[in-house]
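So the chains spell out like this:
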Amino acid sequence: MEISQEKSVLVTADGTPLKISLARAQRRSKIVAFSMVLPLLIFILIAFLIPIADMLSLSVDNSITKEILPKSVIALQNWDETSGELPDEVVFAAMVEEIKKAKIARKHTRVGQRLNYESSGFSSLFRKAGRKVKIIKKPPYKEALIKSDKRWGQIYTWQVIKQFSTEYTDGYYLAALDFKRNPTTGKVESLPGKESIYLKLFWRTMLLSSLITFLTFIIGFPLAYMLATVSTRLSNILIIFVLLPFWTSLLVRTTSWIALLQQEGVINDFLVLVGIINNDGRLAMIHNATGTVVAMTHILLPFMILPLFSVMKTIPKSYVRAAVSLGAHPWKAFWKVYFPNTGPGIGAGSILVFIIAIGYYITPALVGGSSGTFISNRIAYHISSSLNWGLGSALGVILLGIVLALFMLYDRIVGIDNMKLG
Amino acid sequence: MSSLPPYLSIPERIWHYTFWVICGAVLFFLIFPLLVITPLSFNAVPFFTFTKEMLAFDPAGYSLVWYEEFFTSLNWQGAIRNSVIIAFFSTIIATFLGTLASLGLSRPNMPYRTLLMSLLISPMIVPLIIAAAGMFFFYSRIGLQGTHLGVILAHAVLGTPFVVITVTATLTGFDNNLIRASQSLGASPTTTFFKVIVPLITPGVISGALFAFVTSFDEVVVVLFVGSYRQRTIPWQMFSGIREQISPTILAAATLLIIVTIALLTTLELLRRRTERLRGVTPS
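Going line by line, the protein sequences match chains A and B. The number in this note's numbering is simply the position in the first sequence, starting from 1, with 28 added. The number in this note's numbering is simply the position in the second sequence, starting from 1, with 220 added.
Take the hints with a grain of salt, since some may be wrong.
[As the list claims (entries may be wrong)] For lysine to any residue, the following SDA-like pairs were computed, each having C-alpha atoms within a straight-line distance of at most 20 Å:
no., chain 1, residue 1, chain 2, residue 2
1, A, 128, A, 111
2, A, 341, B, 323
3, A, 345, B, 323
4, A, 58, B, 227
[As the list claims (entries may be wrong)] Derived CB-CB ranges, DEER-like:
no., chain 1, residue 1, chain 2, residue 2, range
5, B, 242, A, 238, 18 to 24 Å
6, A, 46, B, 415, 42 to 48 Å
7, A, 436, B, 408, 43 to 49 Å
8, A, 429, B, 272, 52 to 58 Å
9, A, 228, B, 279, 23 to 29 Å
10, A, 436, B, 242, 55 to 61 Å
Hints are computed from structural coordinates only; laboratory data are not their basis. Glycine is no exception: its CB is placed at the ideal position from the N, C-alpha and C atoms.
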């Protein structure tokens with residue numbers, strides 16, 4: 029048989045070289061694979077990732093001043109805020125005209141509300157102006173506006189408007205970290221101790237979350253160890269005790285803790301009945317930090333036990349036996365041989381519990397009272413009660429940053445692909 | 221409990237029993253709150269604690285009045301209906317999209333697998349309050365806030381990571397030779413898909429769907445923000461109930477939810493055993 033030199037390149041049935049054909053097939057398979065993932069990717073993008081990006085933009089958005097007072101903002105650009113003099117008539121004329129317009133559209137209070145976050149009093153200033161401007165019909169607007177409220181005659185008022193008329197602001201982030209931009213000088217200053225609440229709240233969230241993580245570890249470790257060392261039959265039964273609470277609605281578990289811990293609750297009743305405390309000395313175990321810590325330790329305990337258990341199952345029992353037979357005291361064998369091997373489980377469990385804890389909302393809201401609430405509760409408050417969405421968003425973005433950083437750590441220790449359920 | 225080896229010293233024996241007591245206490249801590257809620261839900265009076273009659277096992281101390289309230293009051297009826305509707309539709313969306321994506325992700329030479337995977341499971345990582353806040357802002361802007369569709373979409377997003385994780389886990393152990401065998405025997409890709417792939421991944425898909433269902437059924441933070449009274453679910457109703465007037469109806473609802481949980485767990489366990497049997501592994 030003759031082998032021709034030109035035919036050394038392998039070809040497929042239709043004559044295309046094998047290499048090209050293979051590359052084509054692989055590309056096709058890649059496209060098919062990708063197009064199967066695409067629908068979900070688009071869905072998550074629209075229904076989840078864009079809303080989060082939207083929150084990100086809300087946290088720096090400051091377009092409201094420019095939107096409602098466009099001419100005044102432009103006119104203010106020519107005014108030197110350090111000159112010690114009031115802006116000129118042009119600015120006042122623009123302001124009166126625009127408040128009139130905004131009053132009709134019922135938007136004048138929104139500017140006031142925005143500026144009120146930076147300096148209190150602006151909300152009432154703009155609400156009052158909305159009522160008074162209709163009687164100002166002709167120039168001079170300056171005197172008329174100052175007559176309606178003497179605050180319009182203060183340089184400080186105009187400094188604040190000019191300072192916070194930019195399209196974007198870092199004001200919400202500064203507020204979220206207890207800083208403030210001085211309207212007169214434009215310098216960033218930290219708030220006096222009494223008014224600084226957010227750093228304290230972040231700190232408390234971290235501290236209580238660490239405490240909860242530590243408690244779940246202390247409580248969960250012995251049980252995980254037992255589950256990993258007893259016979260499979262027994263551990264299959266006992267693991268139900270971990271999985272049942274894990275899968276029970278967290279509201280159900282929070283409700284049970286309310287029933288157990290409250291003043292007229294099961295535990296207090298029991299203690300009174302047994303005589304450890306008397307009826308007037310009922311313990312306050314709920315609507316404070318204790319309530320949050322106890323309920324959340326219970327709720328997050330399975331998240332510690334399950335990773336610990338799955339790591340401990342893989343540690344051969346012969347390790348400890350070998351150490352003991354070589355003369356180590358059982359304690360030392362456990363401490364020096366077994367314990368270090370559980371490291372990945374401890375890392376995974378702790379980070380998981382901590383990540384979940386710092387973003388928790390429901391349980392602190394129901395059992396936390398005022399001393400056991402987390403940063404999430406403040407975010408919810410700003411979204412649904414105070415309506416300061418910018419500040420709520422900024423707090424949310426900071427919390428998200430912390431969680432993502434911790435998650436990267438988790439990914440390095442455990443790997444996203446190794447995440448298991450139940 | 222295995223009998224102790226005879227060579228153990230006395231302190232070791234003491235420690236052994238102490239250890240069992242500690243573990244027993246932890247198991248008690250885990251399960252007690254769930255156990256205590258059930259008898260309390262049969263309370264005849266509107267309290268969250270055991271009355272003297274209950275402790276004396278006097279039948280007068282017990283009643284089904286809170287269960288009656290749960291099934292007959294308008295608030296709770298609406299909540300049950302909404303919970304089922306929202307969980308049902310969001311599960312369907314999550315399962316369909318999640319399974320399709322997992323099949324794609326598990327194909328050989330999938331580009332950017334890790335990046336895609338982390339994007340797809342991001343709804344599970346982001347704290348719920350942040351997801352809820354973002355969705356609240358965005359959905360109110362596009363008119364989905366306070367609609368059933370909005371809540372269904374939000375819950376579907378939260379459920380997809382669970383489907384993706386369980387189905388990809390099923391597919392990791394998938395033997396690609398089965399596909400090759402089927403194709404070499406002359407089956408078309410469609411036949412291969414329905415006769416070979418589908419039966420093997422079904423347990424994974426069903427458990428993923430159950431996870432998605434539970435996620436929606438238990439979820440409260442997102443529904444509080446994205447939904448309104450008209451979209452109230454059972455957890456929504458429980459949350460506002462605890463905040464406003466505490467009534468043992470909440471405990472009745474909680475007990476019923478525990479029963480639903482037990483049913484789901486049993487189903488999941490049976491599915492797990494079936495998968496193992498199909499793969500030729502004896503269930504442990």
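Hint by hint, here is what the structure shows:
no.: 1; hint: A:128 x A:111; result: 28 Å, violated
no.: 2; hint: A:341 x B:323; result: 30 Å, violated
no.: 3; hint: A:345 x B:323; result: 38 Å, violated
no.: 4; hint: A:58 x B:227; result: 63 Å, violated
no.: 5; hint: B:242 x A:238: 18 to 24 Å; result: 23 Å, holds
no.: 6; hint: A:46 x B:415: 42 to 48 Å; result: 31 Å, violated
no.: 7; hint: A:436 x B:408: 43 to 49 Å; result: 44 Å, holds
no.: 8; hint: A:429 x B:272: 52 to 58 Å; result: 54 Å, holds
no.: 9; hint: A:228 x B:279: 23 to 29 Å; result: 53 Å, violated
no.: 10; hint: A:436 x B:242: 55 to 61 Å; result: 35 Å, violated
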